[in-house]
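Novice: The chain contents come next:
Number of protein chains: 4
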Amino acid sequence: MIETIEVRRIVPSEKQYAWTFGGADPLARIKPGEVIEVFTEDCFAGRIRSERDLFSKVCEYPYVNPQTGPFYVEGAEPGDTLAIHLIDVQPARDWAASVTVPLFGALTGTHYTQTLQDPLPEKTWIYRVDRASDSVRFQALDSDFRTSFPLEPFHGTIGVAPAAFEVRNVLVPESFGGNMDTPEAKAGATVYLGVNVPGALFSLGDGHYTMGEGETCGVAVEGAMNTVLTVEVVKGTFAEWPRLESDEAIMVAGSYRPLEDAFRIAHTQIVQWIAKDTGLSVMDTYQLVSQAARSRIANVCDANYTVVAKVPKRFLPEIPWMNGLHPAMRARAAAVMAARKSR
Amino acid sequence: MIETIEVRRIVPSEKQYAWTFGGADPLARIKPGEVIEVFTEDCFAGRIRSERDLFSKVCEYPYVNPQTGPFYVEGAEPGDTLAIHLIDVQPARDWAASVTVPLFGALTGTHYTQTLQDPLPEKTWIYRVDRASDSVRFQALDSDFRTSFPLEPFHGTIGVAPAAFEVRNVLVPESFGGNMDTPEAKAGATVYLGVNVPGALFSLGDGHYTMGEGETCGVAVEGAMNTVLTVEVVKGTFAEWPRLESDEAIMVAGSYRPLEDAFRIAHTQIVQWIAKDTGLSVMDTYQLVSQAARSRIANVCDANYTVVAKVPKRFLPEIPWMNGLHPAMRARAAAVMAARKSR
Amino acid sequence: MIETIEVRRIVPSEKQYAWTFGGADPLARIKPGEVIEVFTEDCFAGRIRSERDLFSKVCEYPYVNPQTGPFYVEGAEPGDTLAIHLIDVQPARDWAASVTVPLFGALTGTHYTQTLQDPLPEKTWIYRVDRASDSVRFQALDSDFRTSFPLEPFHGTIGVAPAAFEVRNVLVPESFGGNMDTPEAKAGATVYLGVNVPGALFSLGDGHYTMGEGETCGVAVEGAMNTVLTVEVVKGTFAEWPRLESDEAIMVAGSYRPLEDAFRIAHTQIVQWIAKDTGLSVMDTYQLVSQAARSRIANVCDANYTVVAKVPKRFLPEIPWMNGLHPAMRARAAAVMAARKSR
Amino acid sequence: MIETIEVRRIVPSEKQYAWTFGGADPLARIKPGEVIEVFTEDCFAGRIRSERDLFSKVCEYPYVNPQTGPFYVEGAEPGDTLAIHLIDVQPARDWAASVTVPLFGALTGTHYTQTLQDPLPEKTWIYRVDRASDSVRFQALDSDFRTSFPLEPFHGTIGVAPAAFEVRNVLVPESFGGNMDTPEAKAGATVYLGVNVPGALFSLGDGHYTMGEGETCGVAVEGAMNTVLTVEVVKGTFAEWPRLESDEAIMVAGSYRPLEDAFRIAHTQIVQWIAKDTGLSVMDTYQLVSQAARSRIANVCDANYTVVAKVPKRFLPEIPWMNGLHPAMRARAAAVMAARKSR
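Residue numbers (my numbering), protein chains in the order written: chain S, 1 to 343; chain F, 1 to 343; chain L, 1 to 343; chain A, 1 to 343.
Careful, some of the hints might be misleading.
Remember, identical chains collapse to one label, so a pair may be satisfied in a single copy or spanning two.
Here are the simulated lysine-lysine pairs, DSS-like style, with alpha carbons at most 25 Å apart [claimed, not checked]:
no.	residue 1	residue 2
1	K57	K31
2	K186	K31
3	K15	K123
4	K235	K31
5	K341	K15
6	K123	K313
7	K123	K276
8	K57	K123
9	K15	K57
10	K186	K341
11	K235	K123
12	K276	K313
13	K276	K235
14	K276	K341
No wet-lab data here; the hints were simulated from the structure. Note that the structure is predicted; figures quoted are calculated from it, not measured.
Between the sequences and the hints, there should be enough to build the whole structure, so can you do that?
Specialist: Below is the structure:
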């Protein structure tokens with residue numbers, strides 16, 4: 001029975017990368033229930049390969065953060081919600097890179113938080129993946145210090161075509177998802193995105209092998225990914241802001257500025273979602289979320305900042321969140337993974 | 001000689017309204033030096049006509065804030081700057097409207113500053129234009145109080161197609177201009193917008209008969225406009241953020257959140273502009289701007305907030321700002337207006 | 001009759017300067033109706049006297065921004081509002097200074113908006129007062145450029161002891177007033193401050209000979225002042241946030257971060273004040289203020305940022321604002337000034 | 001040997017509560033190395049005891065959030081840093097309370113984020129402590145739903161007298177510590193606070209039995225505490241912003257608005273601390289922190305918002321942080337706890 005789940009592999013050519021959410025032609029059409037494996041290039045479009053490669057020299061805005069997609073999901077209509085379950089998210093290379101980009105990052109003036117000061121120096125760090133220990137190795141540039149971080153791969157960017165006829169650059173996170181940079185978008189998680197256009201047109205990319213909370217310098221440990229995923233459509237339910245679900249928790253991502261507005265969006269939305277779907281009163285839910293939230297800062301560097309409100313399910317009434325899609329997709333994922341291991 | 005300046009009148013049909021910056025086909029092609037007269041519908045797409053018309057009942061997002069355009073300007077290439085000189089900005093009707101929109105405005109929670117509170121009530125106010133006194137009349141809804149504001153017409157929205165392949169909703173202000181809601185965009189002013197795509201593709205709309213600083217409730221005294229304008233192209237100079245010029249002052253509009261970032265953008269840009277074009281040192285210019293700025297808050301309600309840094313020319317070295325285009329276009333404007341009056 | 005108004009002159013010794021709002025012993029007791037003339041030292045405590053005096057070398061935090069006061073106003077009790085009418089605000093010297101302070105100002109990272117970048121260079125500019133033309137002369141440091149700004153003297157700092165047992169540094173603006181840096185606090189204006197402690201304990205200082213909107217570099221044209229003022233007490237009315245009144249307008253100062261919260265405070269408070277005192281409905285007032293406001297950015301550099309909501313009286317119902325104290329104090333001021341001129 | 005560690009118990013009378021940081025007389029003097037056990041009342045000053053007790057009816061601002069202290073630490077001088085090691089933090093009651101307060105909390109307009117909307121309803125929830133399961137029980141008000149949260153007690157408020165002659169209300173977090181509301185201030189943690197006045201004058205209170213990230217509704221599960229702690233002084237080192245240390249991590253708390261400024265303060269400070277104390281370059285440290293941070297949002301409701309930058313020590317060079325005080329105090333704590341258990 002396991003063998004019956006076909007996995008279609010999709011590797012875009014360089015010319016096929018998507019640089020926007022919305023406004024790009026579909027790379028492929030997929031059906032609800034289908035399983036695909038996609039390759040995503042790193043956010044540097046693969047141009048940074050050594051410490052000598054400085055971002056401003058080898059990368060060329062806006063050709064950064066290439067997305068694999070968009071995928072036209074059959075049956076997805078405006079007003080529905082697309083559920084993307086990440087089955088497996090694996091580094092596609094044994095190295096990754098991080099850099100500083102002039103006037104980008106949380107601890108510097110930027111193109112939006114403009115100041116008259118000189119930018120910080122540009123640097124590139126190359127990380128090695130150590131499969132044996134499931135870690136990535138950091139080597140300081142200015143000293144002998146080295147250390148390792150656990151490999152915690154996820155997609156910094158995943159989104160659908162925006163509403164209101166908009167086309168957004170792939171560096172932007174907003175209500176359509178996009179460059180949220182949340183480590184919660186990892187294998188085992190389901191990402192729910194409200195559908196704004198026929199087919200939803202979702203893309204993903206920006207593989208991170210690991211990242212600290214907030215993506216402080218603006219850049220994670222960036223690497224290409226091989227990712228297996230499957231999709232479903234929640235008909236007639238519209239997620240105004242991105243929702244996520246893991247086995248343990250439900251989440252909402254809010255992305256805007258200032259950072260407190262990202263927090264407000266995420267937490268208002270999760271309160272309203274819980275209240276609506278469980279029947280708890282809004283005030284009881286507000287209280288419950290206030291004590292239960294295990295929320296995380298995603299990014300404080302992108303065009304909008306992102307906070308992910310996260311509430312463990314064990315503190316909540318037991319209901320089938322989003323029509324119970326997550327456990328169903330988890331089961332399919334288990335079958336896929338079992339089949340892959342048995343190969 | 002006056003008669004030689006032809007004024008082409010362009011009135012879009014309802015189907016021709018533009019709902020985005022970028023992503024729309026040109027309504028017309030115009031040449032540098034050409035003078036056009038355009039009609040712009042009000043931000044409600046003309047649907048609010050009495051106090052009984054509530055925004056949420058008669059308007060349908062995203063079909064709000066229709067723009068007249070886009071105009072393809074011949075010779076405008078990415079890296080250039082488009083100069084739009086507003087010759088005449090006249091109310092096209094003898095009435096205008098303002099409303100409160102649920103979860104929109106500076107003194108309420110919004111879709112971005114989300115809270116769990118109930119929205120404010122929805123109301124509509126109809127203003128009468130009094131040509132004799134050049135004013136608009138306010139009538140309170142809940143009492144007999146009435147008062148008048150001076151007629152100070154301007155365009156809340158004017159912009160070009162964005163960079164980085166983006167298409168933005170007409171309610172958004174950013175580096176491409178857009179829904180800045182600054183009263184400085186009035187007759188006699190030149191608006192400079194960096195060109196991102198061939199032809200620049202500028203549009204305008206959102207006529208305001210008058211407005212307070214900050215557009216506090218989110219909505220000005222909104223009305224249709226007949227506007228006469230002319231354009232030029234500054235070759236090889238790119239205005240990163242919108243610049244404006246009047247006879248008395250140069251200005252830069254910064255639009256982002258939080259509001260201090262809008263302030264920082266506007267003032268950093270004007271310091272760098274002045275320093276670069278006059279040869280003053282950056283620190284001397286920083287000091288000069290700190291004492292000379294007559295900046296105004298434009299909006300604290302849109303998707304991005306806007307501040308306009310404004311420095312009177314009389315405090316600055318005498319140079320021909322932006323190649324001296326403004327005085328040249330002023331002269332053309334004077335000829336046009338003289339011809340119109342003589343008709 | 002004019003001669004009967006006695007003006008008491010108060011010049012603090014250096015040891016008597018106040019460095020806080022709250023927590024300082026009264027410099028003097030004054031009675032409602034009394035007229036005093038005070039000397040205020042500049043914000044550098046007089047230590048910057050030439051271009052060679054750099055802030056970080058000659059000034060010693062927290063001994064900056066010395067205030068003259070506090071004054072114990074007889075009869076002022078918590079729950080009342082103190083009205084301070086500025087009769088005359090005159091430069092006490094024929095020169096003034098401005099500087100850049102490391103990590104202070106709107107266009108640099110600061111102690112609160114921390115970044116890893118190097119600070120901007122430290123500079124000092126000395127301005128000359130030209131009484132003949134009522135202006136101050138700017139001389140560039142790095143070139144021959146010079147220009148003049150009109151002399152527009154005001155007090156950057158004026159406040160009372162805070163509520164909730166707090167003592168605040170004189171660089172902070174908040175609901176107790178303080179370092180608001182609004183040019184509206186000039187001769188002819190009445191400043192209303194809610195009284196938190198017996199006697200109100202108001203102080204003032206931080207004379208500015210002129211300043212741009214926002215005090216961009218963090219420092220105005222700073223100079224010592226001779227200021228004539230008189231006070232009254234509004235019994236039983238508490239101004240939650242500082243109010244100001246001129247012959248033409250009523251105002252509220254909001255001071256907090258981010259800047260939109262300063263805007264929200266100022267405008268919410270002025271809407272509520274107008275609605276309460278005129279009987280207009282809150283929604284009508286919200287609409288009215290949205291079109292009538294002529295608000296100004298005060299500072300975007302202090303510990304809290306300040307916006308002053310300003311509504312011209314001519315757009316409002318005619319009522320005696322704050323018990324009609326302002327016109328009464330204006331009359332007294334006129335008498336004082338007439339007497340002084342006749343000397 | 002264990003018995004030689006004396007634990008002095010200090011229980012303030014109601015009249016002895018401190019309502020400010022700074023400006024209060026010492027409750028007691030303690031010596032470095034001394035161990036004390038203190039009782040802290042809940043943030044409601046004990047006035048909320050049932051669901052019928054609404055905050056605005058029974059509490060009286062500013063008599064909220066009573067602190068136990070201040071303690072004068074012998075030998076602590078301005079320029080030093082006080083190290084407070086929390087040995088044991090235990091609920092002093094078998095119940096706790098949470099409430100909604102009008103115009104306070106993250107998902108409502110507030111006294112600083114002012115809007116014209118109606119406040120949310122006022123509610124009180126009483127939680128039961130279940131010692132057997134180390135949890136607190138939530139009971140919905142509007143339905144039968146109940147759930148439990150793990151007991152995770154900590155002090156929401158801990159701080160010293162501020163710099164610059166300031167006295168701050170106990171609801172404020174800033175560089176002196178104060179109402180940071182971070183769950184990291186729990187048993188086993190050392191809190192480092194820069195000393196601004198002789199004796200440091202530290203206080204603590206605001207016991208939380210548990211709390212979600214961000215303290216969304218503005219109020220945690222609030223309860224009285226019995227807390228055992230010991231102190232040391234780091235001579236000649238000044239922590240500009242509060243530092244924390246656990247066995248696993250070092251941390252810095254940043255508290256300001258907007259929330260990104262709290263993030264910037266915390267992360268800039270931890271980068272500079274690590275770089276300075278380990279000898280790593282600033283840019284290498286910036287990169288390291290960007291991938292290593294496990295930072296948490298503390299509060300998005302107080303007068304300033306708080307983010308705690310947190311870096312696991314295992315990712316960093318092995319050095320004795322803050323003179324190795326934390327492990328030394330841990331050892332003393334172990335001895336104290338062993339002695340208490342043996343009683």
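Novice: Which numbered hints are broken by the structure, listed smallest first?
Specialist: 1, 3, 5, 11 and 14
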